[in-house]
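> Chain residues, written in single-letter form:
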Amino acid sequence: MSELIKLHNVSLKAAEMVEEGRVHKALYSDPDIFEQELDRVFNNTWVFIGHESEVPEAGSYKTAWVGRQPVILSRDRKMNLHVLQNRCRHRGATVCEGRKGKTKSFTCPYHGWGYALDGELRALPKPEEYDGVIDKSELPLMRLRHESYRGMVFATFREDIQPLEDFLGGAKKWIDLFMKQGGGYPVKVLGEHRFNFPGNWKIQLENTTDAYHFPIIHKSFVSSLDDATADIFDFLNGDGFVEDLGNGHSVMVMIPELVDLEADLEQPIPARFSELAAALREEGRSEEEVKRLVRAAHGTGFNLNLFPNVSCSMAFFRVLRPVSVSETEIQHVALGGEGAPVAFNRKRMRLHEHFQGPMGFGTPDDGEAWERVQKGSLAGTDGWILVNRGMGRLRQSADGNVAGAVCSETGMRGAYRQYKKMMAAAEE
Amino acid sequence: MKTNTELLSKVAGFIWYEADLLDHKEYQHWLQLWSADGLYIVPTDINETDYLNTLNLALDDADMRRMRVARLESGESVSADAAGNTVRMVSRIRLLEAGEELVIARCAMTLNELRHGRLITYPADVEYQLRPVGDGFLIERKVIRLLHAEGFLRTVSFIF
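Protein chains in written order, with the numbering used here: chain A, 11 to 438; chain B, 11 to 170.
These are calculated hints, taken from the structure and not from any lab test. Among the hints, a few may not be true.
Here are the simulated SDA-like cross-link-like pairs (lysine to any residue), alpha carbons at most 20 Å apart as the crow flies [stated by the list, open to error]:
no., chain 1, residue 1, chain 2, residue 2
1, A, Lys385, B, Gly94
2, A, Lys112, B, Ile56
3, A, Lys229, A, Ala379
4, A, Lys110, B, Thr64
5, A, Lys229, B, Gly127
6, A, Lys110, B, His126
7, A, Lys110, B, Ile56
8, A, Lys229, B, Val79
9, A, Lys110, B, Asn63
10, A, Lys229, B, Ala80
11, A, Lys229, B, Met74
12, A, Lys385, B, Ile130
13, A, Lys112, B, Glu160
14, A, Lys229, B, Arg75
15, A, Lys110, B, Leu157
16, A, Lys229, B, Glu86
17, A, Lys229, B, Ser84
18, A, Lys229, B, Met77
19, A, Lys190, A, Tyr159
20, A, Lys112, B, Leu157
21, A, Lys110, B, Asp60
22, A, Lys112, B, Asp55
23, A, Lys182, A, Lys385
24, A, Lys385, B, Arg76
25, A, Lys385, B, Arg128
26, A, Lys385, B, Arg125
27, A, Lys112, B, Glu58
28, A, Lys229, B, Gly85
29, A, Lys110, B, Glu58
30, A, Lys110, B, Gly161
31, A, Lys110, B, His158
32, A, Lys112, B, Gly94
33, A, Lys385, B, Gly127
34, A, Lys385, B, His126
35, A, Lys229, B, Asp73
36, A, Lys110, B, Asp55
37, A, Lys110, B, Glu160
Some chain A residues near chain B, calculated using beta-carbon distances under 8 Å [unchecked claim]:
no., residue
38, Leu187
39, Gly201
40, Arg204
If you're wondering where the values come from, they're calculated on a predicted model, not measured in any experiment. Yeah, the Cβ is synthetic: ideal placement off N, Cα and C, and Gly gets one too.
With the rest of the complex left out, here is chain A (with noise of 0.2 Å):
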């Protein structure tokens, strides 16, 4: 445990630095590696980028980022999407600037070129002086290939790697579980949360996939709720798991009973849910689709980490941006159902509301633990961060996959073999 790097010089590579069961913990704090994970993995595999409830009609867009490289995702008027990278071909400034909205064309504030919905370049100012000098159908925006699994779209530099379903793999399975939680409508953005934190973006990958840490620091959520819910939130004695799903993904599943949000419909309707129901009953819902509803607006009983970057999380999207090796910013993406009622849409943010967010009851406390091993990784000249918890208890899982026990690291030590294989294979 306590051999010696020489950081200074970084002769061990990334890849060198995760071993099974535990990561070295320069890989949080050295500037280098951070600009080769950008390469390496970023730029290298699907990101994902955003769900296709935020561009719903013909010339919706918002922007998004593949690592560090803004994109724009958008909808043409024959309804397709495109990924575009966000820079005008002539002086390479960008061409939009806003979160999301509409629009009919992309322009460049700087000389005006002006770009179409799928990034074709339409037309420029003074064209004559251009003249036998460029031809416009070469100089679209950059299209990023991408690729859509149940409305969640990611986008990748790379023409030549695996089909995306092929890359979620086993997740697939547990994408289609996520997106019951419409509760019998199509899922849909609703909003979302941005904060930022002092630290590195691997913190953030590690925290969804780690139950370990909820009672203890996120104490104070569970304080607030009532004793039925606080019980549900009681998770590390039960029956839970973490799965290892293959490509860096894993599933960790801290409440069983609330998998399939389409399954135990009878089951009565818990005090906090009582008001919701009401409600429901009040806009003359059958009680079949009022007990659907209040199931699905719990969400779901556990987290889907996709790598690198998005978790869906028991009921929402966490978004994972890494800005430079010691800061990351994170979108949680409050999801409802389009078209569902209104009472359930509200439900749905006013729970997002009570944890999520930088002002929610738990993410402050997250981004408190995370800010502290971001500051502890630099002491000392040596130190590995310890992702071994479980190893010795492992399983295999009804579909064939290594599963550990629902507080165990088999999700980061997934994730870590992902990134040590990306990593590792650039440099060969």
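Fit chain B to the known structure of chain A by using the hints.
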């Protein structure tokens, strides 16, 4: 422009009193300033007005306010225990409505927080809906429109 200086002075006194309670973490007294139906709102979009049907950073009714205060005072929250002090400046107070049942005031606030030795500043536009009661007011609604609401904020373990 005619200004009701007596009312403005009374409103300013109330808003400064609230600001002082919050900076000095006298949260139990702060809870007493509210009407039972009052809402404490920090929107994610400063142009939004349909708070119930949109996602907010905070939308606290009486229960959530009580729980938020309980969390900050519980000793169970590491971020609340690590929180430094805040100093807020409130100025530019203007009365938008001066009814007998409801007074609406808008003001500018700059909140400074010292957190782990770093100074963080939150400029905001704040709107109060106040119900005159006896000599003072009860807060019916307080909307804090953070200038940086749409950006990436630091986490918050105090009350705006």
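> Verify the proposed pairing of lysine 110 of chain A with threonine 64 of chain B, using a straight-line Cα cut of 20 Å.
holds, 15 Å
> Are the Cα atoms of lysine 110 of chain A and glutamate 58 of chain B separated by 20 Å or less?
Within the cut-off at roughly 15 Å; holds.
> Measure nothing beyond the straight line between the CA atoms of lysine 385 of chain A and arginine 128 of chain B; if it is 20 Å or shorter, mark the hint as holding.
holds, 14 Å
> Is the hinted pair lysine 110 of chain A and histidine 158 of chain B satisfied, with a Cα-Cα distance of at most 20 Å?
OK: lysine 110 of chain A and histidine 158 of chain B at ~16 Å, within 20 Å.
> Given the hint that lysine 112 of chain A pairs with glutamate 58 of chain B, test it: the Cα-Cα distance must not exceed 20 Å.
Judged against 20 Å, a Cα distance of about 17 Å means the pair holds.
> Just to be careful, I want the Cα atoms of lysine 110 of chain A and asparagine 63 of chain B compared with a cutoff of 20 Å; is the pair within it?
holds, 18 Å
> Straight-line Cα separation of lysine 385 of chain A and glycine 127 of chain B no greater than 20 Å?
holds, 13 Å
> Is lysine 110 of chain A close enough to glycine 161 of chain B, meaning Cα to Cα at most 20 Å?
OK: lysine 110 of chain A and glycine 161 of chain B at ~13 Å, within 20 Å.
> Would you check the hint for lysine 112 of chain A and glutamate 160 of chain B, treating anything up to 20 Å between C-alpha atoms as holding?
Holds, at roughly 18 Å.
> For the hint on arginine 204 of chain A, does the least C-beta distance to chain B fall short of 8 Å?
With a minimum Cβ separation of about 5 Å from chain B (threshold 8 Å), the hint on arginine 204 of chain A holds.
> Lysine 190 of chain A and tyrosine 159 of chain A were given as a pair; does the straight-line alpha-carbon distance stay at or below 20 Å?
holds, 14 Å
> Would the pair lysine 385 of chain A and isoleucine 130 of chain B pass a check requiring their Cα atoms to be no farther apart than 20 Å?
holds, 18 Å
When held up to the earlier numbered hints, the structure conflicts with 5, 6, 20, 23, 24, 32, 38 and fits the remainder.
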